[in-house]
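Asker: Sequence:
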Amino acid sequence: MGNTGNLLYDADGDHSGVSILSTTGTITMYIDGDGIWNCVDGIGGPYVPIEATLTCTTPSAIDMAGMAVTTSPTLILANGPFVISGELQNMGLNTVTSMDINYAIDGGTAVTESVSGLNLGTGDIHPFNHSTSWSPTAAGTYDIAVWASNINSTNDMNNSNDTAYATVTIYDNATLKRPMLESFTSSTCGPCVAGNQNVSAITANYALDQYSILKYQMSWPGSGDPYYTQEGGDRRNYYSVNAVPDLVVDGNFWQDNSTALTAQVMDDALAIPAFVELSSFFTVDNQTVDINVNINPLGDFTNSLTLYVAIFEYMTYNNVGSNGETQFGYVMKKMVPGSSGFLLSPLQDGVPVNENFSYTFQGSYVLPPDANSPIDHSSSHSIEDFNNLGVVLWIQDDATKEIVQSAEAIPSSTGIDNHGVENASLMVFPNPAQEFATLKINDQNANNVQIEITNSLGELVYAKSIDVIGSSINIDLSTLSNGIYNISYKNSGVTLYKKLQVMK
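Residues in the sequence shown are numbered from 140 upward in steps of one, following our numbering.
Any given hint could turn out to be false.
[Unchecked claim] Capping the alpha-carbon separation at 16 Å, the derived lysine to aspartate or glutamate pairs in EDC-like fashion look like this:
1. Lys540 <-> Asp348
2. Lys638 <-> Glu541
3. Lys638 <-> Asp424
4. Lys643 <-> Asp373
5. Lys638 <-> Asp524
6. Lys643 <-> Asp615
7. Lys629 <-> Asp615
8. Lys579 <-> Glu598
9. Lys579 <-> Asp615
It should be emphasised that the hints constitute simulated quantities derived from the structure, not laboratory data.
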């Protein structure tokens with residue numbers, strides 16, 4: 140409250156319904172954390188004091204404030220007409236029993252609905268769906284304003300807060316949304332075990348191409364995860380993550396403890412249409428990862444968008460900590476070109492965008508002792524298996540944190556441990572897989588072809604002879620346990636190898 144402030148209220152413990160006698164001026168409130176308190180995720184205090192500033196004013200007798208326009212900010216033209224919805228709040232002293240609710244598009248003529256039979260006390264919020272729908276005739280960006288008038292058959296006495304505004308974009312077409320899940324976890328975090336298990340259990344009910352996922356190993360509790368990187372820390376700061384486990388779905392759509400993820404959250408995220416088609420391919424040659432990204436906008440985007448690209452390992456084993464976990468999925472290893480992403484030029488309807496990225500991991504493998512000494516990318520790397528790499532990408536509005544689309548890159552070929560591959564290629568998808576995997580084979584010189592799958596012990600678990608060139612083969616994985624498997628494709632002149640991860 141500053142050097143000249145007066146203490147109005149001071150107490151410990153739980154408090155509600157506190158009354159402070161003050162009709163004008165500003166009140167500053169401090170809430171101090173308790174050093175022995177443990178929050179629900181198991182990470183204890185002390186916490187820094189919370190500061191809030193409350194402005195006290197004498198309310199007018201009649202004052203309805205526009206709080207929000209709740210109509211979806213993105214709509215598909217063919218789905219019109221659309222309901223204009225919003226929220227109004229009674230900020231006045233008098234109970235509101237009737238009013239006119241208005242909306243206008245791009246500053247045009249007001250569309251008015253009269254409502255009566257209300258009983259809105261001071262502070263009450265009135266959500267509404269306007270009775271007159273809006274029928275736009277073309278795709279584009281529109282500004283919507285909503286406000287109340289003729290309140291209790293009289294004028295509003297405070298016009299400074301009357302109107303709520305929003306911008307809505309209408310698109311001609313849409314595509315399926317692929318939600319992006321960003322997980323913040325650590326091998327030194329006990330509650331992260333349950334969080335990771337819950338995320339795996341929930342996402343197991345969805346196809347692998349229905350969502351994207353990336354996990355950032357964090358620098359706490361304790362000495363933190365040895366696979367912590369500064370880029371992961373940057374994403375933590377981006378979302379203001381202050382406890383683990385933490386899960387972010389589609390940027391600003393949902394954020395909570397990882398144990399709180401439900402199928403309903405996933406279904407709700409999947410139900411939101413997307414207006415960008417996003418695809419990608421990548422190759423791994425020794426320690427170099429080349430990435431090709433294709434963006435197909437289905438409408439014009441006036442907001443600034445950033446493309447984020449991350450290289451990850453499908454499974455790691457060496458970063459074991461104190462929480463009992465022995466393997467860790469989708470571990471982020473490097474963001475390309477960095478944690479700030481790549482700023483896109485404004486996306487235009489029907490104008491494809493192609494971007495290419497390349498990153499070479501330096502030096503040899505190093506397992507950092509803990510998060511206090513993270514990997515130095517300029518001289519070493521923490522990749523356990525270059526055959527086990529994946530690439531995930533997403534387009535995000537940094538101002539709102541909204542993720543408009545995500546994708547997992549498809550491996551197009553690899554130069555690791557393959558022999559005679561000039562005219563042959565082998566692709567495996569999805570990878571990781573659950574019950575089935577598909578092998579895409581392109582070999583113009585196939586002869587006496589044999590496909591074999593071995594487990595981590597070198598035991599043969601699958602073998603098949605084929606004579607089909609340039610086709611796909613489906614493999615039943617229902618009898619295989621979770622783990623990493625080696626796929627080999629052999630003919631008289633070619634040997635190809637791929638890693639396959641089974642995750643059920």
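Asker: Now look at each hint and say whether the structure bears it out.
Answerer: Okay, the hints, checked on the actual structure:
| no. | hint | result |
| --- | --- | --- |
| 1 | Lys540 <-> Asp348 | violated (22 Å) |
| 2 | Lys638 <-> Glu541 | violated (34 Å) |
| 3 | Lys638 <-> Asp424 | holds (15 Å) |
| 4 | Lys643 <-> Asp373 | violated (31 Å) |
| 5 | Lys638 <-> Asp524 | holds (9 Å) |
| 6 | Lys643 <-> Asp615 | holds (13 Å) |
| 7 | Lys629 <-> Asp615 | violated (20 Å) |
| 8 | Lys579 <-> Glu598 | violated (23 Å) |
| 9 | Lys579 <-> Asp615 | holds (15 Å) |
Violated hints for the displayed structure, listed by number in ascending order: 1, 2, 4, 7, 8.
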